[in-house]
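K.L.:
Working from the sequences, and respecting the hints, build out all of it.
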Amino acid sequence: MLRTIFCTASRSNVIMTKARTRAASTLVSRRFIMAMNSNTQSIMRPMAVSMRFYSADTAAPKLNKDEVTRRVVDVIKAFSKGSTNPTVAGTTDVNADTLFHKDLGLDSLDTVELLVAVEEEFDIEIPDKVADELKSVGETIDYIVSNADAN
Amino acid sequence: MTAAIAPTRRQVLSLYKQFIKNANQFNNFNFREYFLRKSRASFKQNSTIQDAEKLSKLYQDAKNDLSALKRQSVISQMYTFDKLVVEPVDKEERKDINKH
Amino acid sequence: MLRYTATPFLRLSSSSCAASLASRRTLPSLVSRSNIIIPNTKNKRLYSAVAATSPAVKVAKDISLETHTDTQRAAKETQEARSAAATTPLSKSSIIDEIDTSGTTALNAAYQENTGFGTRPIYMDMQATTPTDPRVLDTMLKFLTGLYGNPHSNTHSYGWETHKEVEDARDHVAKLIGANAKEIIFTSGATESNNMVIKGVSRFYKNTKKHIITTRTEHKCVLEAARAMINEGFEVTFLNVDEQGLINLKELEDAIRPDTCLVSVMAVNNEIGVIQPLKEIGNICKKKKVYFHTDAAQAYGKIKLDVNDMNIDLLSISSHKIYGPMGIGGLYVRRRPRVRLEPLLSGGGQERGLRSGTLAPPLVAGFGRAAKLMYDEFESDHEHIKRLSDKLVKGLLALDHTNLNGSADHRYPGCVNVSFAYVEGESLLMALRDIALSSGSACTSASLEPSYVLHALGRDDVLAHSSIRFGIGRFTTEKEVDYVIKAISERVQFLRNLSPLWEMVQEGIDLDSIEWSGH
Numbered sequence: 001m002l003r004t005i006f007c008t009a010s011r012s013n014v015i016m017t018k019a020r021t022r023a024a025s026t027l028v029s030r031r032f033i034m035a036m037n038s039n040t041q042s043i044m045r046p047m048a049v050s051m052r053f054y055s056a057d058t059a060a061p062k063l064n065k066d067e068v069t070r071r072v073v074d075v076i077k078a079f080s081k082g083s084t085n086p087t088v089a090g091t092t093d094v095n096a097d098t099l100f101h102k103d104l105g106l107d108s109l110d111t112v113e114l115l116v117a118v119e120e121e122f123d124i125e126i127p128d129k130v131a132d133e134l135k136s137v138g139e140t141i142d143y144i145v146s147n148a149d150a151n
Numbered sequence: 001m002t003a004a005i006a007p008t009r010r011q012v013l014s015l016y017k018q019f020i021k022n023a024n025q026f027n028n029f030n031f032r033e034y035f036l037r038k039s040r041a042s043f044k045q046n047s048t049i050q051d052a053e054k055l056s057k058l059y060q061d062a063k064n065d066l067s068a069l070k071r072q073s074v075i076s077q078m079y080t081f082d083k084l085v086v087e088p089v090d091k092e093e094r095k096d097i098n099k100h
Numbered sequence: 001m002l003r004y005t006a007t008p009f010l011r012l013s014s015s016s017c018a019a020s021l022a023s024r025r026t027l028p029s030l031v032s033r034s035n036i037i038i039p040n041t042k043n044k045r046l047y048s049a050v051a052a053t054s055p056a057v058k059v060a061k062d063i064s065l066e067t068h069t070d071t072q073r074a075a076k077e078t079q080e081a082r083s084a085a086a087t088t089p090l091s092k093s094s095i096i097d098e099i100d101t102s103g104t105t106a107l108n109a110a111y112q113e114n115t116g117f118g119t120r121p122i123y124m125d126m127q128a129t130t131p132t133d134p135r136v137l138d139t140m141l142k143f144l145t146g147l148y149g150n151p152h153s154n155t156h157s158y159g160w161e162t163h164k165e166v167e168d169a170r171d172h173v174a175k176l177i178g179a180n181a182k183e184i185i186f187t188s189g190a191t192e193s194n195n196m197v198i199k200g201v202s203r204f205y206k207n208t209k210k211h212i213i214t215t216r217t218e219h220k221c222v223l224e225a226a227r228a229m230i231n232e233g234f235e236v237t238f239l240n241v242d243e244q245g246l247i248n249l250k251e252l253e254d255a256i257r258p259d260t261c262l263v264s265v266m267a268v269n270n271e272i273g274v275i276q277p278l279k280e281i282g283n284i285c286k287k288k289k290v291y292f293h294t295d296a297a298q299a300y301g302k303i304k305l306d307v308n309d310m311n312i313d314l315l316s317i318s319s320h321k322i323y324g325p326m327g328i329g330g331l332y333v334r335r336r337p338r339v340r341l342e343p344l345l346s347g348g349g350q351e352r353g354l355r356s357g358t359l360a361p362p363l364v365a366g367f368g369r370a371a372k373l374m375y376d377e378f379e380s381d382h383e384h385i386k387r388l389s390d391k392l393v394k395g396l397l398a399l400d401h402t403n404l405n406g407s408a409d410h411r412y413p414g415c416v417n418v419s420f421a422y423v424e425g426e427s428l429l430m431a432l433r434d435i436a437l438s439s440g441s442a443c444t445s446a447s448l449e450p451s452y453v454l455h456a457l458g459r460d461d462v463l464a465h466s467s468i469r470f471g472i473g474r475f476t477t478e479k480e481v482d483y484v485i486k487a488i489s490e491r492v493q494f495l496r497n498l499s500p501l502w503e504m505v506q507e508g509i510d511l512d513s514i515e516w517s518g519h
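Chains as they are written, first to last, in the UniProt record's numbering: chain A, 1 to 151; chain B, 1 to 100; chain C, 1 to 519.
Calculated directly from the structure, the hints in this document are not laboratory data. Keep in mind that the hints are not guaranteed to be accurate.
Subject to a maximum C-alpha distance of 20 Å in a straight line, what follows is the list of computed SDA-like cross-link-like pairs (lysine to any residue) [claimed, not checked]:
1. B:Lys21 with A:Asp107
2. B:Lys21 with A:Glu119
3. C:Lys182 with C:Asp306
4. B:Lys17 with A:Glu125
5. C:Lys210 with C:Pro258
6. B:Lys21 with C:Asp138
7. C:Lys479 with C:Glu490
8. B:Lys21 with A:Leu134
9. C:Lys486 with B:Pro88
10. C:Lys250 with C:Asn240
P.N.:
Right, dumping it as structure tokens:
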């Protein structure tokens, strides 16, 4: 019985995000989803911990590396475009070898913010312990590819 | 009273992450932009402080601020209004423009 | 591997969110109905799978959370109401109608619609009121939910806890102007504070003093209160201001007589943002032993104020100009040497007997929090506002035949008043429905009369008519300022192209040389 509930919850979570990205065409419903989305997420949080137990062993990586790379690079470009920091803003060339600190000039706070943008893009939560170790674009891509939740 | 223990680097970064995520949640454009700007500025400003006592107090205050921010970002999602004329309606578009 | 790494602290605070409380209550019913949900996975509404099982949230599922704002209709109705009530000559309202109808098509192009952007106007009327800071609301909600005791009840803890919060708020309000908490009286707003001072002080001293001094650029509530005192047998001197909007100190000193009881000069003007030389005025008043009152509704928390340094005896404060709640304000009344005034309200003797009536703790606490935020964020707010203001002024003055009203040096940067020659201010406002602006004070904007403040500065009617005030505050963003500069430049150009006067100016005809026929 319990298993059913958790599966339902996790599946609906996935469907929810798909519905969002696929873009419900009308304005109202889109906003409605956005608003409801945040509410349902907070409702589901307490359950997410146990939910993991059931879905982790069944789900395999869904995203291929090229797609992840493209999307991560897009996020970084969008991030640096809006940046007030001149070294960051000037960046146009981003690839897997790019280092956050050395190449992009991001300090630890900027990196946190960039990773929040990445989290939003892939609908994942990067644990602090992992986030601390991510120093380059390549490492981030590898982490996302290995993360079964990313979509 | 025991001596104040400074928060670890990871604790501070984790707190900063919570600030950014919650500020991002504001439905109101002006409040969202303000709290992002404010979070960035105050964490950057305090990033050079070494004094353990000061850091511990700042950390505690920031945690209180965060709890208010969390509550208010939820309220901002409960009472939403039309988007501003400078604000893209599409959430995907918003993502690009919203950074910094 | 945990997906959500919340600290116990964060969990605690998220439990205060109504949504998660609701979900907890509905968990048992989820168990029994979960099977029903599975076949419906195709339904994209399934994001609310958990919520759908709760009757309470089920209702919410079908209700839009959005509060729609019909700005178009509001604008139309306001305009209809105005033209119906217009006591101005026919020509004027017909000009507006004409411009409005002829402009509609062209302006629709300028008005961003179906471009993927929203429709709600940018708020640029910070002198009328400011948005409530979410942190202020956070403080107020405590009182509207749990802390509902009467702060004047001293027999139980409900009263005590509220009383403590009220006194903390008083501290915060006092701190911002270097005053003692005991010197702050809570009122319903700056209008009440101003009335209380002008009427209260002069009535208290009416046996020996018969004279009040104020200026022509004061807020309406000061001018009207002063006029009311004329009916009670007082003489009032209305000081003139120069073209910068500043009063002449020599003139002030000369105007003070032995029977003068009060000088009232506003700190920051609400229309042009000019800062009067408070310290100098305070010195003169101290020397002449006259009470000095300043209406600081627009200045409090936005410029440095110190009642002791500036020798201010009475100071009016408004909460909703500093991102606090509406319906509350304050009055600073000096204790040493004591300033005496007759209260407007008789009653239980709250607030040192000067303002009877139960305090409103949610408002008081919100006001206190707003004052504390103004104190804590003075530097960063000021820097932000100055930067945006400079950008806006530069952008607007880049247009031909525009000028900044009021002193350029003695100004609060958050208030920018600009004249656009050869454009009718009201029609420009009509053309700018995507920006919430005003041509002057909210109190006078119901009438189509030109601003008396700009008049006092020596601006002629035409220029006073074509002036617009821009308000910048804590929550204004750079993107909004950019939008405003662009929109104003386009619309001013558009309206000038409709104007025969502009045509003549372009042809090099001196408008002063034209003889106008009356009609």
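K.L.:
For each hint, tell me whether it holds in the structure or not.
P.N.:
Going through the hints against the structure:
| no. | hint | in the structure |
| --- | --- | --- |
| 1 | B:Lys21 with A:Asp107 | holds (18 Å) |
| 2 | B:Lys21 with A:Glu119 | holds (10 Å) |
| 3 | C:Lys182 with C:Asp306 | holds (16 Å) |
| 4 | B:Lys17 with A:Glu125 | holds (11 Å) |
| 5 | C:Lys210 with C:Pro258 | holds (9 Å) |
| 6 | B:Lys21 with C:Asp138 | holds (19 Å) |
| 7 | C:Lys479 with C:Glu490 | holds (17 Å) |
| 8 | B:Lys21 with A:Leu134 | holds (19 Å) |
| 9 | C:Lys486 with B:Pro88 | holds (17 Å) |
| 10 | C:Lys250 with C:Asn240 | holds (12 Å) |
The structure fails none of the hints (numbered hints given earlier).
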